[in-house]
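Chemist: Following the hints, complete the assembly by docking chains B, C, D, E and F onto the known chain A.
Protein chains: 6
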Amino acid sequence: MNEAALWAARQNKKEVELVDFEMAKDKVLMGAERKSMILSDEEKRITAYHEAGHALMAKLLPGTDPVHKVTIIPRGRALGVTMQLPTDDRHNYSKEFLYNTLAILMGGRVAEELVLKNITTGAGNDLERATDLARKMVCEWGMSDKLGPLTFGRKEEEIFLGREIATKRDFSEQVAVEIDDEIKRLVGENYERAKRLLTEHMRSLKALAEALLEKEVLDAPEIDQILLQSSSQTVPA
Amino acid sequence: MNEAALWAARQNKKEVELVDFEMAKDKVLMGAERKSMILSDEEKRITAYHEAGHALMAKLLPGTDPVHKVTIIPRGRALGVTMQLPTDDRHNYSKEFLYNTLAILMGGRVAEELVLKNITTGAGNDLERATDLARKMVCEWGMSDKLGPLTFGRKEEEIFLGREIATKRDFSEQVAVEIDDEIKRLVGENYERAKRLLTEHMRSLKALAEALLEKEVLDAPEIDQILLQSSSQTVPA
Amino acid sequence: MNEAALWAARQNKKEVELVDFEMAKDKVLMGAERKSMILSDEEKRITAYHEAGHALMAKLLPGTDPVHKVTIIPRGRALGVTMQLPTDDRHNYSKEFLYNTLAILMGGRVAEELVLKNITTGAGNDLERATDLARKMVCEWGMSDKLGPLTFGRKEEEIFLGREIATKRDFSEQVAVEIDDEIKRLVGENYERAKRLLTEHMRSLKALAEALLEKEVLDAPEIDQILLQSSSQTVPA
Amino acid sequence: MNEAALWAARQNKKEVELVDFEMAKDKVLMGAERKSMILSDEEKRITAYHEAGHALMAKLLPGTDPVHKVTIIPRGRALGVTMQLPTDDRHNYSKEFLYNTLAILMGGRVAEELVLKNITTGAGNDLERATDLARKMVCEWGMSDKLGPLTFGRKEEEIFLGREIATKRDFSEQVAVEIDDEIKRLVGENYERAKRLLTEHMRSLKALAEALLEKEVLDAPEIDQILLQSSSQTVPA
Amino acid sequence: MNEAALWAARQNKKEVELVDFEMAKDKVLMGAERKSMILSDEEKRITAYHEAGHALMAKLLPGTDPVHKVTIIPRGRALGVTMQLPTDDRHNYSKEFLYNTLAILMGGRVAEELVLKNITTGAGNDLERATDLARKMVCEWGMSDKLGPLTFGRKEEEIFLGREIATKRDFSEQVAVEIDDEIKRLVGENYERAKRLLTEHMRSLKALAEALLEKEVLDAPEIDQILLQSSSQTVPA
Amino acid sequence: MNEAALWAARQNKKEVELVDFEMAKDKVLMGAERKSMILSDEEKRITAYHEAGHALMAKLLPGTDPVHKVTIIPRGRALGVTMQLPTDDRHNYSKEFLYNTLAILMGGRVAEELVLKNITTGAGNDLERATDLARKMVCEWGMSDKLGPLTFGRKEEEIFLGREIATKRDFSEQVAVEIDDEIKRLVGENYERAKRLLTEHMRSLKALAEALLEKEVLDAPEIDQILLQSSSQTVPA
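For the record, the sequence lines run as chains A, B, C, D, E and F. Per this note's numbering, residue 67 is the first one in the first sequence, and the count goes up by one each step. Per this note's numbering, residue 67 is the first one in the second sequence, and the count goes up by one each step. Per this note's numbering, residue 67 is the first one in the third sequence, and the count goes up by one each step. Per this note's numbering, residue 67 is the first one in the fourth sequence, and the count goes up by one each step. Per this note's numbering, residue 67 is the first one in the fifth sequence, and the count goes up by one each step. Per this note's numbering, residue 67 is the first one in the sixth sequence, and the count goes up by one each step.
Source of the hints: derived by calculation from the structure; they are not laboratory data. Among the hints, a few may not be true.
For identical chains, the list gives no copy identity; a pair is met inside one copy or between any two copies.
As the list claims (entries may be wrong) - Within a straight-line C-alpha distance of at most 20 Å, the following computed SDA-like cross-link-like pairs (lysine to any residue) qualify:
#1 250 / 235
#2 80 / 164
#3 110 / 259
#4 202 / 220
#5 250 / 211
#6 261 / 83
#7 261 / 211
#8 250 / 102
#9 212 / 255
#10 212 / 106
#11 281 / 184
#12 183 / 160
#13 161 / 202
#14 202 / 255
#15 110 / 194
#16 93 / 220
#17 110 / 162
#18 91 / 199
#19 202 / 184
#20 212 / 243
#21 202 / 238
#22 212 / 276
#23 281 / 291
#24 212 / 190
#25 202 / 181
#26 183 / 130
So here's chain A without its partners, still in its complex pose (with noise of 0.2 Å):
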């Protein structure tokens, strides 16, 4: 709401209206734009392919929350952000809604291997975010069942500052070795399902990084168009 206020006062504006709240809500939820980045054509061109694997992945895994804004305009430390909207507030997560995440995670690195054939630093966040929620599948929910329904490392605060700062490794390290085989395999398997299913809907893939070159922003409305063509276009081929 203060967002929203604020631009509007910036616009000379009398009264917030609903443009200005839908300002204020990709700011807080992307961070701020920052039209002064400079990208050359050749790293908007992989960000443009990136974020539209992170949304076309999205868009195919059934149960993940609604792609609702997708841009290659630099948000923050980001190229390009995806963002994805709830539809309700969750406070636990299915097995399924996990697993489904790590293959979203993946499609940005895969899109730039599939259609650029090379990759780049720019995916480390994704490969970050992944590893993590592999671990914490496998770790803290017991979701491997290979090591069954246990937890894996203590975590320790350090009081004086009153913030978790190590999780001390309290396993031998055979446990080591088959958390680390776990961990692969999760993130393993669901790049290789991005990669699957990328390739098999490459049209639409194609056909959203393009229109994310010539527009740089996307929001649902014209995501669904833009997938609907590309993949109606699909079935006579």
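Modeler: For chains B, C, D, E and F alone, coordinates are given in the frame of chain A:
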């Protein structure tokens, strides 16, 4: 007492009544109710089966503390609570009591898995408590025949803060493997035990969960009546 | 002396009597009595057998300190206490004395197991002390033939506090395995020894435990009389 | 701008000229010149071949940043500097670009080895940067097929100082071995690549080094001319 | 000098005599006498044989420092002391001297074992010193042929306190095993050497110990006389 | 300059002479003389052979810094000093120079072993420096073919003190074993090299050591003359 007086005052009562004490006891033992937290129907259903799983296991296993109340009204950070009240103060715990406690802790996750065919992050805290308990049985109370009547891991207090921060590993990797194996065995055996028992008493599990979805809170007599009805129904089947 | 004077004053006595000194000595050596702590009959029975196990082992093993008193009145954090008083100050301890001490420490858990067919968390402190003692025999006093006349683990003092916090591991994993094996052997041998001796003297164990349940405190002459009677009974059997 | 103004002032100029900006840019990018540091003829020769090795590798590999200047006048802590200037700001880096960077970093040591038949401590910083870069490729950017699209090693910030101090190892020894193997492979492949390329272009390497010994600084046009001449000489040979 | 003057003053002497200097030297080198500490006859006997073991080893091994005094009057935290005085200040120590020192340190425990057929905690400090010395021979002074002329373990000073706290392990587990083996070999060889020598000179060992039990303190000439008598007795036997 | 002026002032000179500068240089480079420290004849002999070993190795190996002076007058914490002065400032060091430095460091211990048939703790500092140097060759300067052109061990600065405290191990146990093997090989090869060279030039070693025992200090021309005489003597033998 304090909480009860405060509660009565907030209701504009002139005297503290029995119902105020009950409210106060629940708040102290289970955390404050959070009626403002809105659960989706899906989450309510998961929570109801999860809590019904805990409660039914507690009823089925001999020598465990009586179930006092079950609720799917969020309290503190939990979406639901199963409250057991000991009949008298225990100072020490028998191996059998602890072994059964592991099975009760597993009951929630197992109920989700059996009925809803999916598992969620909601069992994370149960798994952590079960792992900690199994570790204590093995490492502090000498309750593993394989590791014998010894203790493992020296506690270290950061004296300048008067609080224990770390348990230092004072054993070899070989022993670490044996400890991991025993913890996994203890928790795993009780996961299987919960699966077997809840499968056998599926009718009761469903009856409890459905009643919870309807009433949101069940006290001891209500639970007993539901179990009586559902199990008597089982007989003719 | 102080404690005795305080005790006498609290009883409104004008002079400090012998009985006041006895009260004071017990308080200093075993912690203050906690008569307000209420044990269930089950816990009293477990405690009685546990303490009887310690006391009987101490009586059966030569060269250990004489048993001064046994009680199942909670004192400090313990539900019961077996108090041994050395006949003179020892400055060093022989390997034999320490080996017997391990057997006495095992006596409590073994008695629970033999008679009540269940074990409890109550032996946790005994197991910790036995493990620590066995570790010192191996790592500080060169009493393991396998590891030889060396010491293992360097003590490190956090000098800014003038207190030892950590023993740093200064040996290889291979030696760590040998140390673990030796500690397990020392404690395990004495667990078996306690089992053998208490089984042989089961009649005395039961007589001691039942007397404790009846009187709550037994002094040295009472213990001697009970053992005399129960073992003489054993002969004709 | 500041540095340029200061420089012009120190030369008693009334206006800041283009040459002052060039001096300022070099100082900011490469550190201040240290003309007072006296190198022996032997060290000058080693430095000339070392820098020529870097520069030639950068010229030979496609897609790397253009070489702006090479010098054997000591700057900061370096005895010589090869300066590359990107044509536009990069925000992400492709795997190919990073792989080539490893080869450029190896170029210095390889040139010493090939021509002078001895190696020196002067390459220490290059090796450290190459090792760090290869580690990031494997552990942060998922650029090793063997280890897959995951990240390894959790960053930990010492929050009371607001600076990252430690990367905590959160993987098993088995993964540590695979990481070491991949880092060694990435650096090793590029060492061999630098060896092969510099051997093929030995005539150019020597021409660059000898020109550096004579002029101490070479700018982009001078480098291009030397390479043109030396490689055209190569053809008839 | 200070201590001597203080001692003389305490005796109400007007001048400091030779005997006062002797008292002062003993106090500085061996700690203050603790005549108030009462040893049982058993402990006195153990202590006498323990110290006789040290003293006899020191007399039997060539090139070690001369034995100045042996006593079983408790001093500081020790129940007895064997004091060796170097003939001149040493700045470096030969491998042979250190090897013999290990044998002297073993002499106390070995004497207990040979004569009293039991070992005590009293040798703990000797074992710690022997282990430390053997570790230094291997890790700091390159005196193990197996590990060679290298050092192992980097010292780290906590600079804010100006004191060394930790020796950081900077070697592999494989080297840790070799170090452990060499330390065990060095100490073990000298344990066997002490056993062989004290068994051969049992008559002298007993003579020394019995004289200590009688007189409590033996100075160098007394020790020499006892050894002369006991070994001459040995001859005719 | 300061030291020279201070020295001249202490001698009541009005002008600073060349000899004052020499005194000052020695003090700065080798520590202050400690004429008050009294060495036994045995220690003097050991020190003379130790320093002669260093000096002779330095003379025999090509490309090392010239020997400026050798002395057995204690300076700082050293019982003797061999001082090498570089002909010009080196900024980088070749692998060959470092390899020879290892042999010079070994020369002291080897001389003791060859001539006196015993080794002492006096070489401890040489061994530590050699181990550190060999580790740097392998871990910082990529001078081991086996480990390749990489660096091992990340330096970590405790930033609140601005000083490096720890090198963090960032490699697997497998690499740790390879590093240990290479460090041992580098030092071991040079120990053998020193043994071979000093055995071949035994006559020169003895001549240098005896001259040191006689004169306590030898400067460069004196050393040269001794070596000339002793090696010419060698020819006829």
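Chemist: Hint by hint, note whether the structure agrees.
Modeler: Hint check results:
For the homomeric pair residue 250 and residue 235, the shortest alpha-carbon distances inside one copy (19 Å) and between copies (16 Å) are both at most 20 Å. Taking identical chains as interchangeable, the C-alpha atoms of residue 80 and residue 164 are never at most 20 Å apart, the minima being 44 Å within one chain and 52 Å between chains. In this homomeric assembly, residue 110 and residue 259 never come within 20 Å of each other (Cα to Cα): the closest approach is 25 Å inside a single copy and 31 Å across copies. Taking the shortest Cα distances, residue 202 and residue 220 sit within 20 Å of each other both inside one copy (12 Å) and across copies (13 Å).
For the homomeric pair residue 250 and residue 211, the shortest alpha-carbon distances inside one copy (14 Å) and between copies (12 Å) are both at most 20 Å. Within a single copy, residue 261 and residue 83 get their C-alpha atoms no closer than 42 Å, and across copies no closer than 56 Å, so neither meets the 20 Å cut-off. Taking CA atoms no more than 20 Å apart as the test, residue 261 paired with residue 211 passes between copies only; the shortest distance there is 15 Å, against 25 Å inside one copy. With identical chains, the CA atoms of residue 250 and residue 102 are never at most 20 Å apart, being 39 Å at best within one copy and 40 Å at best between copies.
Both within a single protomer and between protomers do residue 212 and residue 255 lie at most 20 Å apart by alpha-carbon distance, with minima of 16 Å and 14 Å respectively. For the homomeric pair residue 212 and residue 106, neither the shortest alpha-carbon distance inside one copy (46 Å) nor that between copies (31 Å) is at most 20 Å. For the identical chains of this complex, residue 281 and residue 184 are neighbours neither inside a copy (24 Å) nor across copies (40 Å), given an alpha-carbon limit of 20 Å. For the homomeric pair residue 183 and residue 160, the shortest alpha-carbon distance between copies (10 Å) is at most 20 Å, but the shortest distance inside one copy (34 Å) is not.
For a Cα distance limit of 20 Å, the shortest separation of residue 161 from residue 202 inside one copy, 11 Å, qualifies, whereas the shortest one across copies, 29 Å, does not. Taking the shortest Cα distances, residue 202 and residue 255 sit within 20 Å of each other inside one copy (16 Å), while across copies they are farther apart (23 Å). Taking the shortest alpha-carbon separations for residue 110 and residue 194, neither the intra-copy value of 22 Å nor the inter-copy value of 32 Å comes in at or below 20 Å. With identical chains, the CA atoms of residue 93 and residue 220 are never at most 20 Å apart, being 36 Å at best within one copy and 28 Å at best between copies.
Taking the closest pair of Cα atoms, residue 110 and residue 162 come within 20 Å of each other only across two copies (18 Å); inside a single copy the shortest separation is 33 Å, beyond that limit. Taking the shortest alpha-carbon separations for residue 91 and residue 199, neither the intra-copy value of 26 Å nor the inter-copy value of 38 Å comes in at or below 20 Å. In the homo-oligomer, the alpha carbons of residue 202 and residue 184 lie at most 20 Å apart only across protomers (17 Å), although the nearest pairing inside one protomer, at 30 Å, exceeds that limit. Proximity of residue 212 and residue 243 under a CA criterion of 20 Å is satisfied in both settings, with 12 Å inside one chain copy and 16 Å between copies.
In the homo-oligomer, the alpha carbons of residue 202 and residue 238 lie at most 20 Å apart both inside one protomer (18 Å) and across protomers (16 Å), since each shortest distance falls under that limit. For a Cα distance limit of 20 Å, the shortest separation of residue 212 from residue 276 qualifies neither inside one copy, at 43 Å, nor across copies, at 32 Å. Taking the shortest Cα distances, residue 281 and residue 291 sit within 20 Å of each other inside one copy (14 Å), while across copies they are farther apart (45 Å). Taking the closest pair of Cα atoms, residue 212 and residue 190 come within 20 Å of each other only across two copies (17 Å); inside a single copy the shortest separation is 28 Å, beyond that limit.
With identical chains, the CA atoms of residue 202 and residue 181 are never at most 20 Å apart, being 31 Å at best within one copy and 24 Å at best between copies. Taking the shortest alpha-carbon separations for residue 183 and residue 130, only the inter-copy value of 18 Å comes in at or below 20 Å, while the best intra-copy value is 28 Å.
The earlier numbered hints that this structure contradicts are 2, 3, 6, 8, 10, 11, 15, 16, 18, 22 and 25.
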